[in-house]
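Asker: Sequences are here, hints too, so could you generate the full structure?
Last residue of the sequence shown: 82 in our numbering, with the numbers rising by one and none dropped.
Watch out, some of these pointers could steer you wrong.
What the hints assert, rightly or not - Cross-link-like lysine-lysine pairs, in silico, DSS-like; alpha carbons within 25 Å at most:
1) Lys17 - Lys46
2) Lys23 - Lys46
3) Lys46 - Lys20
As the list claims (entries may be wrong) - For each label pair, taking beta carbons as the anchor points, the in silico distance ranges come out as:
4) Thr45 - Gln82: 29 to 39 Å
5) Thr76 - Arg51: 12 to 22 Å
6) Thr21 - Gln60: 31 to 41 Å
No wet-lab data here; the hints were simulated from the structure. Please read these numbers as outputs of a predicted model, since none were measured by experiment. Where is the CB? At the ideal position from N, CA and C, for every residue including glycine.
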Amino acid sequence: MSVSPNPFRDECVIAFKATKTAKAVLNIIDMNGRPVAEAFNATVTKGQEVRVRFTADQVQRGIYQYSLLIGNEVVTGRLIVQ
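Answerer: Structure representation (structure tokens):
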């Protein structure tokens, strides 16, 4: 997974390559563990490259976690909105 740019002011692109064919859900979560945005929710195929445009107008400035669930696998990371 990658987020570019990070930190960002207006928008970023969250990119990932699917490790299996399954439903993929990408959530943005605040530092209290509450989901604040669902950035992606669709079935992906193994090897598929996905690029998700995420805009700052969907959240307030601050530090967030992103959580990508593909099947039973979870990948997390940090996202900073300036």
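Asker: Given a hinted range of 29 to 39 Å, is it respected by the beta-carbon distance of Thr45 and Gln82?
Answerer: With a Cβ separation near 35 Å, Thr45 and Gln82 satisfy 29 to 39 Å, so the hint holds.
Asker: Check the hint pairing Lys23 with Lys46 against an upper bound of 25 Å on the C-alpha distance.
Answerer: holds (11 Å)
Asker: Given the hint of 31 to 41 Å, check if Thr21 and Gln60 actually sit that far apart at their C-beta atoms.
Answerer: holds (35 Å)
Asker: Range first: 12 to 22 Å. Now tell me if the beta carbons of Thr76 and Arg51 are that far apart.
Answerer: For Thr76 and Arg51 the Cβ distance comes to about 19 Å; the hint holds.
Asker: Holds or violated: are the alpha carbons of Lys46 and Lys20 at most 25 Å from each other?
Answerer: holds (4 Å)
Asker: Starting from Lys17, check that the Cα of Lys46 is at most 25 Å away, please.
Answerer: Cα-Cα ~8 Å, so holds.
The structure meets every hint from the earlier list without exception.
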